Amino acid sequence: MKPAAFDYLRADQAEVAVAALARHGEDARILAGGQSLMAVLNMRLANPALLIDISRSRPMAAVEVANGQLRIGAAATQASVHGRPGLATELPLLALAFPHISHFQIRNRGTVAGSIAHADPSAELPLCLLALEGEVVLRRARGRRVVKAADFFTGMLLTARAPDELLEEVRFPLAKGGTGFGFEEFSMRHGDFAVCAVAVVVDGQRLRIAVGGVADRPTARDFPLLHGSALDDALNELAWSLQARDEPQASAQLRRQLVRTLGRRAVQQALLNRHPERSTA
Amino acid sequence: MTPDLPPLSRQVLHPVELTLNRQRRTGHAQPRLLLTDFLRDELGATGTHVGCEHGVCGACTVRIDGVACRACLTLAVQVDGRQVDTVEGLALADGTPDQLQQAFKRHHALQCGFCTAGILMSCADWLDRRDAPGAAPHEPTEAEVRDLLSGHICRCTGYTPIVAAVLEVAQARHAARKAGHA
Numbered sequence: 001m002k003p004a005a006f007d008y009l010r011a012d013q014a015e016v017a018v019a020a021l022a023r024h025g026e027d028a029r030i031l032a033g034g035q036s037l038m039a040v041l042n043m044r045l046a047n048p049a050l051l052i053d054i055s056r057s058r059p060m061a062a063v064e065v066a067n068g069q070l071r072i073g074a075a076a077t078q079a080s081v082h083g084r085p086g087l088a089t090e091l092p093l094l095a096l097a098f099p100h101i102s103h104f105q106i107r108n109r110g111t112v113a114g115s116i117a118h119a120d121p122s123a124e125l126p127l128c129l130l131a132l133e134g135e136v137v138l139r140r141a142r143g144r145r146v147v148k149a150a151d152f153f154t155g156m157l158l159t160a161r162a163p164d165e166l167l168e169e170v171r172f173p174l175a176k177g178g179t180g181f182g183f184e185e186f187s188m189r190h191g192d193f194a195v196c197a198v199a200v201v202v203d204g205q206r207l208r209i210a211v212g213g214v215a216d217r218p219t220a221r222d223f224p225l226l227h228g229s230a231l232d233d234a235l236n237e238l239a240w241s242l243q244a245r246d247e248p249q250a251s252a253q254l255r256r257q258l259v260r261t262l263g264r265r266a267v268q269q270a271l272l273n274r275h276p277e278r279s280t281a
Numbered sequence: 282m283t284p285d286l287p288p289l290s291r292q293v294l295h296p297v298e299l300t301l302n303r304q305r306r307t308g309h310a311q312p313r314l315l316l317t318d319f320l321r322d323e324l325g326a327t328g329t330h331v332g333c334e335h336g337v338c339g340a341c342t343v344r345i346d347g348v349a350c351r352a353c354l355t356l357a358v359q360v361d362g363r364q365v366d367t368v369e370g371l372a373l374a375d376g377t378p379d380q381l382q383q384a385f386k387r388h389h390a391l392q393c394g395f396c397t398a399g400i401l402m403s404c405a406d407w408l409d410r411r412d413a414p415g416a417a418p419h420e421p422t423e424a425e426v427r428d429l430l431s432g433h434i435c436r437c438t439g440y441t442p443i444v445a446a447v448l449e450v451a452q453a454r455h456a457a458r459k460a461g462h463a
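Line by line, the protein sequences give chains E and H. Taking the numbering used here, I'd label the letters of the first sequence as residues 1 to 281. Taking the numbering used here, I'd label the letters of the second sequence as residues 282 to 463.
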């Protein structure tokens, strides 16, 4: 289908984008890569009066390391982050997750911030941001606020972003030595949205397990370092706590089983790659 | 400070100037017009096909400033001032199919041909990136080609002949590059 009519503003500066958001609020939508929003518009699931296109902004496409974080601007594409030569050491979890995110042609245009702002419960980037305890910078005409990932995702396609706020930057904490990461996903076809995805961080004696695709938002839980049947029990309890839905493509029972199976695999992967010096030897 | 320009109105046709297959072209579009429909209906470039119109099938894949992406998820007004390449631009100046198109023909990598234009544009981007200065040259693998093709739906071929055609061209280019360096 074709989108309904809207006005169109190209905003290469964040100031222009937030000024337009201040004027138009809920009637306006930010167009970044468009890989979710344009499909939504084509299917007429949304009908904004104004599109604010930030996709050609150079300042908003900046990706930089600062203060122990990888800071990704609102217009930076997934391809530009995936293609960073040092990504596997900066953010091993993202390096593991990127190949699962849709396809090459979509990652070329799709943005990291756009996927997080869209907040699809099955999407990989919101899951990784939550697993890594990252944060987002929300900017409005009058100022900025920083929101932790755990407070940002509030439900199915819902976030803490107010209608007049631009998701200006996504901040992933860089990997520290001795931390291990695991990522496992099951989808119906390669590149499809996850039926279930699990991201694991092992950090000292803490085991952090985050699950996407099952609840209405990505969900993370912290455990002490568990093994054997204690890990099985924890994963089983986590699986039941997520209120999995029955859907034509996957039953709630399948989703719970995937949390157990993928969870165990992702934990094993994280334990194995915990010491970077060993894996490079 | 950037002048605070008013938005483009939904009711007005706006001029869009682009370089389509190395030629300067101008057309007019309302903001809501998709690049697929702009190419086909306004510029007459009907080689780009309209499939699912939500980014899944890959039939409308074109290159914008060299990068393969979905024309159905792009607005015509977004390509103003940019370079767009479509399947019509692949053949050589005298109309001879290019290396990739010839390999598709040889391997029977198409039947109905609906998905082919998009696949060719994705593969052209991928092959050019492998040849780019600074790219780490490595032997192309079937897994890489299958991963690339996962962004396209073909209901005729079963993909195997497409993989064979793309792999053959990638291997030939890889061998030529190695010979050039020797």
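Careful, some of the hints might be misleading.
[Unchecked claim] With the Cβ distance kept under 8 angstroms, some of the chain H side facing chain E (calculated, not the full set):
#, residue
1, P312
2, D379
3, R436
[To be verified] Some chain H residues flagged as far from chain E (calculated, every beta-carbon gap over 12 angstroms):
#, residue
4, P288
5, E298
6, N302
7, R306
8, L324
9, A326
10, G336
11, R351
12, R363
13, Q383
14, Q392
15, S403
16, H419
17, G432
Please keep in mind that the hints were generated in silico from the structure rather than gathered at the bench. This structure is a prediction, so every number in the text was calculated from the model and none was measured. For every residue, glycine included, the Cβ atom is placed at its ideal position computed from N, Cα and C.
Hints versus structure:
1. P312: Since the shortest Cβ distance to chain E is 4 angstroms, the answer is holds.
2. D379: violated, 20 angstroms
3. R436: It is violated, given that the least Cβ distance between H:R436 and chain E is near 14 angstroms, above 8 angstroms.
4. P288: violated, 4 angstroms
5. E298: holds, 14 angstroms
6. N302: holds, 19 angstroms
7. R306: The assertion about H:R306 holds, with a minimum of 19 angstroms to chain E.
8. L324: At roughly 17 angstroms from the nearest Cβ of chain E, H:L324 sits farther out than 12 angstroms, so the non-interface label holds.
9. A326: At roughly 18 angstroms from the nearest Cβ of chain E, H:A326 sits farther out than 12 angstroms, so the non-interface label holds.
10. G336: violated, 5 angstroms
11. R351: violated, 6 angstroms
12. R363: violated, 9 angstroms
13. Q383: At about 23 angstroms from chain E, H:Q383 clears the 12 angstroms cut-off, so the statement holds.
14. Q392: holds, 21 angstroms
15. S403: violated, 6 angstroms
16. H419: Fine: 15 angstroms to the nearest Cβ keeps H:H419 off the interface.
17. G432: violated, 3 angstroms
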